Amino acid sequence: MPYIEIEHVTKKFGGETVLHDIDIAMEQGNVYGISGNNGSGKTVLMKCICGFLPVTSGRIRVNGKRIGIDIDFPESMGVIIETPGFLTNISGMRNLEILAGLQNKIGREGIRDAILKAGLDPDLKKAVSKYSLGMRQRLGIAQAIMEDPEFLILDEPFNGLDKHGVADIRKLLLGLKAQGKTILLASHNSEDIRILCDKVYEMDGGRISL
Numbered sequence: 054m055p056y057i058e059i060e061h062v063t064k065k066f067g068g069e070t071v072l073h074d075i076d077i078a079m080e081q082g083n084v085y086g087i088s089g090n091n092g093s094g095k096t097v098l099m100k101c102i103c104g105f106l107p108v109t110s111g112r113i114r115v116n117g118k119r120i121g122i123d124i125d126f127p128e129s130m131g132v133i134i135e136t137p138g139f140l141t142n143i144s145g146m147r148n149l150e151i152l153a154g155l156q157n158k159i160g161r162e163g164i165r166d167a168i169l170k171a172g173l174d175p176d177l178k179k180a181v182s183k184y185s186l187g188m189r190q191r192l193g194i195a196q197a198i199m200e201d202p203e204f205l206i207l208d209e210p211f212n213g214l215d216k217h218g219v220a221d222i223r224k225l226l227l228g229l230k231a232q233g234k235t236i237l238l239a240s241h242n243s244e245d246i247r248i249l250c251d252k253v254y255e256m257d258g259g260r261i262s263l
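Note that the sequence shown covers residues 54 to 263 in this note's numbering.
The reader is advised that the hints may include incorrect statements.
Claimed, not checked - Below, simulated DSSO-like cross-link-like pairs (lysine-lysine); rule was C-alpha separation at most 27 Å, straight line: (1) K230 to K100; (2) K252 to K170; (3) K118 to K65; (4) K183 to K118; (5) K158 to K100; (6) K252 to K100; (7) K178 to K100; (8) K230 to K118; (9) K170 to K183; (10) K230 to K158; (11) K179 to K216; (12) K118 to K100; (13) K100 to K224; (14) K100 to K65; (15) K252 to K224; (16) K183 to K216; (17) K158 to K178; (18) K158 to K170; (19) K216 to K170; (20) K179 to K158; (21) K252 to K216; (22) K252 to K230; (23) K230 to K170; (24) K118 to K178; (25) K158 to K224; (26) K118 to K252; (27) K170 to K118; (28) K230 to K216.
Keep in mind that the hints were calculated from the coordinates and are not lab data. Quick caveat: nothing in here was measured; it's all calculated off a predicted structure.
Turn these sequences into a full structure, and let the hints guide you.
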């Protein structure tokens with residue numbers, strides 16, 4: 054059974070159809086890419102997979118469980134969709150401690166390890182309001198990976214990163230793939246897609262093709 058099954062998914066907002074009969078199957082342990090221009094439907098599809106938006110018709114299953122029926126959100130999932138949101142008056146470490154406290158799956162050392170893997174200093178006392186865009190993106194990646202999820206959805210994970218940051222995060226994602234994680238990412242950068250992905254889908258006007 055595929056890890057992710059998207060079967061005849063259509064999504065409408067009022068009279069506008071933004072996803073047209075999407076059909077995709079994704080195997081565990083692979084990296085899948087979605088490329089396409091702004092407004093092509095990439096982010097809407099990712100939000101549907103996450104359970105953040107209900108589909109108008111069709112079915113989405115993650116690890117055999119139907120989103121919106123069996124479970125509201127996929128289990129063991131890490132997510133970056135759009136700009137990561139944090140409390141800006143406290144440090145990155147403190148932000149992740151608060152978020153980790155929602156499920157209590159990891160302790161302080163697990164959070165520190167995720168921050169280090171994302172290329173930040175967990176002992177940095179600087180408030181997030183003083184972070185660069187690239188630092189916020191790294192913190193978002195640390196948040197996505199910190200609870201060791203089986204499945205990652207990453208919408209433009211390289212936004213705001215310089216070439217060293219891009220290289221760091223590519224290396225991190227390839228390492229996660231080697232551990233058997235399933236990763237779905239959207240990127241405008243064809244090189245990111247080429248280097249990281251086992252299979253790439255092209256989205257245009259809410260329709261998808263290989």
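- Message: Need the list of violated hint numbers for this structure, in ascending order.
- Response: Hint check: 4, 7, 24, 27 fail, others pass.
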